[in-house]
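Work the whole structure out from these sequences, hints included.
Number of protein chains: 2
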Amino acid sequence: MAGSDGEFQLIDRLLKPLARHDASLGLTDDAAVLTPRPGHQIVLTKDMLVEGVHFRTVDTPADIAAKALRVNLSDLAAMGATPLAYLMALSLDADKRGQWLADFTAGLADDQNRYNVSLIGGDMTATPGPMTVSITALGEVPEGRAVRRNRARPGDAVLVSGTIGDAALGLALAEGRIAGDGMAAGFLLERYLRPQPRIALADIVRDLASAAIDISDGLAADMGHIAGESKVKAVIEAERVPLSPEARRLLEAEPGLLPLILTGGDDYELLFTVPPDTVATACERAADVHIPLTLIGHIEQGDGVAVVDAGHRDIPLEHPGFRHF
Amino acid sequence: MAGSDGEFQLIDRLLKPLARHDASLGLTDDAAVLTPRPGHQIVLTKDMLVEGVHFRTVDTPADIAAKALRVNLSDLAAMGATPLAYLMALSLDADKRGQWLADFTAGLADDQNRYNVSLIGGDMTATPGPMTVSITALGEVPEGRAVRRNRARPGDAVLVSGTIGDAALGLALAEGRIAGDGMAAGFLLERYLRPQPRIALADIVRDLASAAIDISDGLAADMGHIAGESKVKAVIEAERVPLSPEARRLLEAEPGLLPLILTGGDDYELLFTVPPDTVATACERAADVHIPLTLIGHIEQGDGVAVVDAGHRDIPLEHPGFRHF
Chain X
64 MAGSDGEFQL IDRLLKPLAR HDASLGLTDD AAVLTPRPGH QIVLTKDMLV
114 EGVHFRTVDT PADIAAKALR VNLSDLAAMG ATPLAYLMAL SLDADKRGQW
164 LADFTAGLAD DQNRYNVSLI GGDMTATPGP MTVSITALGE VPEGRAVRRN
214 RARPGDAVLV SGTIGDAALG LALAEGRIAG DGMAAGFLLE RYLRPQPRIA
264 LADIVRDLAS AAIDISDGLA ADMGHIAGES KVKAVIEAER VPLSPEARRL
314 LEAEPGLLPL ILTGGDDYEL LFTVPPDTVA TACERAADVH IPLTLIGHIE
364 QGDGVAVVDA GHRDIPLEHP GFRHF
Chain F
64 MAGSDGEFQL IDRLLKPLAR HDASLGLTDD AAVLTPRPGH QIVLTKDMLV
114 EGVHFRTVDT PADIAAKALR VNLSDLAAMG ATPLAYLMAL SLDADKRGQW
164 LADFTAGLAD DQNRYNVSLI GGDMTATPGP MTVSITALGE VPEGRAVRRN
214 RARPGDAVLV SGTIGDAALG LALAEGRIAG DGMAAGFLLE RYLRPQPRIA
264 LADIVRDLAS AAIDISDGLA ADMGHIAGES KVKAVIEAER VPLSPEARRL
314 LEAEPGLLPL ILTGGDDYEL LFTVPPDTVA TACERAADVH IPLTLIGHIE
364 QGDGVAVVDA GHRDIPLEHP GFRHF
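Sequence lines, in order, name chains X and F. Going by this note's numbering, the first residue of the first sequence is number 64, and it counts up by one from there. Going by this note's numbering, the first residue of the second sequence is number 64, and it counts up by one from there.
FYI, nobody ran anything at the bench for these hints, they're computed from the structure. Some hints here could point you the wrong way.
[Stated by the list, open to error] Derived pair list, reagent style DSS-like, types lysine-lysine, alpha-carbon separation capped at 30 Å:
1) Lys79(F) to Lys294(X)
2) Lys159(F) to Lys159(X)
3) Lys159(X) to Lys79(X)
4) Lys159(F) to Lys79(F)
5) Lys296(X) to Lys79(F)
6) Lys79(X) to Lys296(F)
7) Lys79(X) to Lys294(F)
Pasting the structure below:
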């Protein structure tokens, strides 16, 4: 673990207790040393979150910690990988080095227990600007079993976990861009603040999925990533897209919210394609781990993503994410 | 590779050409997938550099790229590891997304060739604040052969590569804190801007060193890290500390610069301990790869670091790095 001057005491007091994996060497050295499990590959992902861009200055330290870790664990789940450990680099202004940092590390400790991962290294530094946290998460998959985005095939079914659009609606409510009742707002904002990485689905994805991704850019855009890499067309039936009761109530009151639901990011649900004869197996196995899966569309020859209504008419979506497809 | 909206084109154009390792999956997926070499461990380190803190706003994009990558490669060398690949997270303001980013990635491409590493994943995002770059570098060591800080033993010799104090003097000259002639300033500032990770010494460290570290916090402070983790005392003879001709000239003109030389950071030389009967072998092997090694002290029983003059009197050093030891 690196750090300069005054940071060493903070590392000793707040970060070393998070180092519970042998690879960390107790955060005493220049680097971590990971012993790979025979027959397995290491899966690595790295996201950076910037205050005011990916989280709000008003968010609690524990919420920020949870989000920073979970968006990376979500990437691992999308590859079918089991999480092992993470490295973290933090840049903090002087105000955040006391109770704020203690609350942040307490949030990490909770999530370490929840997801069975350990801090194994990183860096802490000063910044005059917005707080920035970058986590590199490591997982493992049996050799050759990582699930990519590029193997969706015509005829495959499209499945999605959980419910879609909650995070985007929650943020829009919190920022006053749309109107809604307080109870719905609380639930939906929580979905934005505390994504649930679908680690429990990693085995199912690994066993059954032809292609997979986690939804961070929005359902339509992330479906587009699979379609683009697989060189196929994805058709999503909007009526099948699973909504929480709170999102459904908002949509019924304001049908114009549909594009936000279909294109809003930050849901961190898993979106994946499976051969059609494995849909039932996938849904049963997901039910065993208490995560709903919903069939929302299919793959055909062609390119791009079509989101269609009940009459199979294209629903036009305007969103910057779309210009790439 | 993650990124949002407008970042995808930049990733395609500027970052995908840097992905030359199979583990990158061409930066198309949620994560990289690394196949460990049998009998080897993966060594991981992660540093974060913030504009205005770790580099100057006036530094060139290629200098910033080189520094961001090299400080991490230096950590790998200190563990005795061979570099393999890296992940990078970048946060940039809007001004830096054009030619600046093209120059930055060109700098990375140069260093990828120089050090035989490849980008395998990461993230690019917007920031309203200072530019921040975090790199996670991966290396490998034969199983059980990583060199740590905690095995220095009484009687060991202390060796250091290259020359010490150049980077701190270069920065002090550039910032007008000390006076010097233009030619010395150019050389010394280059040492600050372009650290030389001592990857060519990794084999020697692995074969001979009892403990090792790279000098980022300063010679005295980093010696203190080895002493602290090894529970021994380190004695450094100031007269033996290797200086560049430029640093020596400045020191002769102003003897009061000695503490800055001994405690200034950013040299990224390797500092390591070896059993006394292997000093000659270490120096010969280092000469074969054209890197000078210098014997600067020894390890004894006790704790902390003593820097002594030619009469074996302690040289008092005041530096925040010291309060931890």
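Comparing the hints with the structure gives:
1. Lys79(F) to Lys294(X): holds, 19 Å
2. Lys159(F) to Lys159(X): holds, 27 Å
3. Lys159(X) to Lys79(X): holds, 18 Å
4. Lys159(F) to Lys79(F): Holds, at roughly 18 Å.
5. Lys296(X) to Lys79(F): At roughly 24 Å apart (the allowed maximum being 30 Å), Lys79(F) and Lys296(X) satisfy the hint.
6. Lys79(X) to Lys296(F): Cα-Cα ~24 Å, so holds.
7. Lys79(X) to Lys294(F): With Cα atoms ~19 Å apart, Lys79(X) and Lys294(F) stay inside 30 Å; holds.
Taken one by one, the earlier hints all hold for this structure without exception.
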